[in-house]
Amino acid sequence: MGNPVIVEATRSPIGKRNGWLSGLHATELLGAVQKALVDKAGIQSGFQAGDVEQVIGGCVTQFGEQSNNISRVAWLTAGLPEHVGATTVDCQCGSGQQANHLVAGLIAIGAIDIGIACGIEAMSRVGLGANAGPDRSLIRAQSWDIDLPNQFEAAERIAKRRGITREDVDVFGLESQRRAQRAWDEGRFDREISPIEAPVLDEQNQPTGERHLVSRDQGLRETTLEGLGQLKPVLEGGVHTAGTSSQISDGAAAVLWMDEAVAGSSPRHSSAPSPTTTWTARCSPRRRCWRRPA
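Just so you know, the sequence shown maps onto residues 1 to 294 in the UniProt record's numbering.
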């Protein structure tokens with residue numbers, strides 16, 4: 001049995017809708033972060049991408065650019081080794097966290113020694129709910145008696161049940177912005193950010209031919225309690241506004257997991273796939289995989 005430990009982690013800056021990162025294909029964004037993680041981990045230890053035995057990524061809207069196992073496609077887009085298997089999971093807002101649980105679990109049971117958990121959501125390019133159909137009719141059967149509220153309706157129900165007021169929400173939102181700004185000013189995010197080079201788009205969201213290096217989150221906004229108080233609630237009579245709701249964002253992150261014994265080895269990590277386990281998508285993308293009968 002293994003003892004999973006986190007060895008390295010990194011993330012992209014977070015871009016807002018149609019913002020600094022929106023010119024990147026979703027696979028390019030995730031692939032850049034996957035490669036940045038590998039490079040970051042290898043600076044001191046000699047770790048290489050080929051040492052990874054499994055990549056598991058989380059993605060909510062697996063549609064369009066984020067369909068067809070984006071964790072694997074992104075890995076290959078970044079020029080990383082074909083023999084490394086990858087899969088993508090959807091656990092809604094907990095997708096990235098679930099990917100981490102799964103990688104840690106594989107290490108804990110001794111199936112692998114080294115794995116990467118990651119996550120991607122390029123909401124500028126793949127709209128929220130795009131994979132559910134225009135009327136959300138694909139989500140449930142008519143026989144399932146549940147109303148499936150959207151995020152705003154669900155948030156208002158929670159606020160009502162817990163006695164959360166509009167003032168509570170505005171005060172919390174203001175403090176969140178202040179803390180984020182202070183953290184940036186103090187350099188607390190510097191180590192975890194991997195700057196991403198992205199195309200510059202014009203006002204019509206078309207490439208200008210120029211590129212820029214994005215190294216800072218785009219969601220910070222200077223605001224005041226008075227300013228937040230003037231915003232209309234999203235739902236009439238509700239407590240949530242555009243100023244206290246999560247923005248539509250583009251971003252990716254990745255975490256390198258290892259068995260503790262492997263992480264402590266020196267000078268180079270050594271690992272091999274479990275002989276009793278076969279992971280998916282380990283073959284070249286230029287051909288279909290098949291296996292002979294044993």
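A couple of the hints might just be wrong.
Said to hold, decoys possible - Using 30 Å as the maximum straight-line C-alpha spacing, the simulated DSS-like pairs for lysine-lysine come out as follows:
hint	residue 1	residue 2
1	Lys16	Lys40
2	Lys16	Lys35
3	Lys16	Lys232
4	Lys160	Lys232
These are calculated hints, taken from the structure and not from any lab test.
Only a predicted model underlies this, so the values are computations on that prediction, with no experimental measurement involved.
Each hint, compared with the structure:
no.	hint	in the structure
1	Lys16 <-> Lys40	26 Å, holds
2	Lys16 <-> Lys35	23 Å, holds
3	Lys16 <-> Lys232	21 Å, holds
4	Lys160 <-> Lys232	18 Å, holds
Of the numbered hints stated above, none is contradicted by the structure.
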